[in-house]
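Residue numbers are given in my numbering: position 568 of the sequence shown equals residue 568, and the series is strictly consecutive.
Derived from the structure by calculation, the hints contain no laboratory data.
Note that the structure is a prediction, hence the values are computed from the model and not measured.
From the three backbone atoms N, C-alpha and C, an ideal C-beta is built for every residue, glycine too.
Do not rely on the hints blindly, as some may be mistaken.
Below are the DSBU-like pairs computed for lysine-lysine, each with C-alpha atoms no more than 30 Å apart in a straight line [claimed, not checked]:
#1 Lys97 x Lys415
#2 Lys288 x Lys462
#3 Lys415 x Lys429
Listed next, with one range per pair, are the computed distances between beta-carbon atoms [unchecked claim]:
#4 Ala130 x Met439: 25 to 31 Å
#5 Gln436 x Pro287: 58 to 64 Å
#6 Ala433 x Arg620: 49 to 55 Å
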Amino acid sequence: METVFRHRLSFKRDHISWMGRSRKYRKGRLCAMALAGLLLLALMLEIQIPVLGSANAQNTVPAIPVANDPRDDSSPWGVASGAEWFSDFPRFNPLLKTAGVRWLRGFYEWQIIQPKRGYFNWAVTDRLVADTKANAIHLTYTFAYFAPWASADGGTRTFPIKDMQYWRDYVSALVSRYHENIKYWEVWNEFNGSFAKNGTPAIYAEMVREASIAAKKIDPSAQIGMSVANFDVTFLDAAIKAGAGGHFDYICVHPYEKLNALADNGEVDFLAMARTLRQMLAANNLPKDMPLWITELGAQAPVNPEQQADTRQAIALAKGYLLAIASGFQRVFWFEARGPSYGHQTDHGLIRADFTLRPSYQALKTMIALLGPEPASVGWAKLGARGNGYGFVFSRGGQNILAAWAPSKQNLEIKFDTDIQVFDLAGTKKLLAAGQTMMLTDAPQLIINPPLSFVQEATANKDSPYLWGEDYEKANLVTSRLQADNAENGLRQINLDTTLAVVVGDQSWRRTDFSKHSSEGHYVYFAVAPQFIPFGTYEVEITAIVRRLEPAGVAGMSLDYESKSGYVNAGYLSIPQSDEWQELKWKIADANFVGQWGWHFRLNGIASPNEFSIKQVEVRKFVSR
């Protein structure tokens, strides 16, 4: 019933590569219930119960009684579920509880709850709310999507709505019934993605505003969240300016691409997300300390156990939670609990289809056990002799825990002047004596009570920009020298495997690889340091030093870049016929580099008749606007 298209590192009108994942709602089985009374019998059998009149009348069936339910805590540990296997929550919720998970993001669609105007079927949502409560898990709910009778085209994903009053009544009915259990409500799911055909920032702003007014009329303490696919700060900014400002209480993002980039040392870009969102909020005169959530974050693993791939997923999960909490995200939700196959023999689940547990589940359980249900971020530290290792200190009561790992494809040695306990993601403990060498890899390790010097450094750095390398805030130029091992100076190549290294003697560079699957080898992706171009609009000049693979082989490229209006194309330039390196330049007046899909610009060779080589790429910054 629902297909989610997840952007890969690509842009297009005609050439974006998509990774599809389907989520199908599967109707839950009825539990046998020995209940008296005609009304309760009807509910047991999931007979639609007619409801007439106002929002108050819609709450005809008594809400599930709640006793001392706080609805809220400071735990960041969440998991999200897609619709396809969502009805298995009675089986996976106990497993989430065992791991220490405190929050579940999941929802049944409007059409399930209200298949006809004036009729509500609360059976499935009642069971969901009761089960999460029984497992000591807080439920956060999403208002989505259309009931076909409310949509102008009779579907569930296409705008416009026939009458905005239908939306108000739907929101009012949900909040009226469940406000004693649910405090946090997201408005739609990935409105800027594939789930809101004909949708615009203005339409989303209206949906947010009307949902907020309706919900807070019933429960003034209700919290309303704005939600976007990937890291689409531009869409959020446009919706706020279109009228959503003042009608939401927290922001939700789904930065899958930022997580994927951690395999290529994308930690600083991931850490910069919170700062970028706060700069956007401040630019719109909104509280810059507004809560920030990641309500979907995930990486795929094979359906059947496969140690190397399963380990990669566990590492991605650990880094995602640790970096998000360290940078100030209030809650993080891994997508998803139990993962179905999306046709490629992979899925995102912590739990496999057969309910066996992946290493990613154990990694999450280990982190929660060691960091505690409500960890506090102390700050960050540089590790290793060159200071390029990643260290983040968290506090659990009076105990400090250092999460540490090395850059991708590197190992680092560090030593401590006190005895320490070290835990890997599987929960295995190792004791190291003072002065003994500890090896850091790209898999995070957790060190209990590290020496005071690490804690002091992390505390001093807490409010400083994240720097593993130079501070590019005042720089006018950043560069990336493409070679077997790139030399990057404030400009980083993303997704290196779209290119091939060429080595000739003591010289090396990179070339496109048009044979790559899904045309990805036609693109070369880049991200600039977040200090170099923070949130805002800038004038820049991008230079690519390139040459044809063969002097007689016609080649060229265009430039796709991130602007205030999304990703746009800066035009095609041909590479002159020569065996010498050539400079191609693009002057851009509206660069807005937030990294919506994990990259800021790319060289686009989709229209090139032949492949080409790239020696260096540069970005010169002029003024901000």
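Which numbered hints fail: 1, 4, 5
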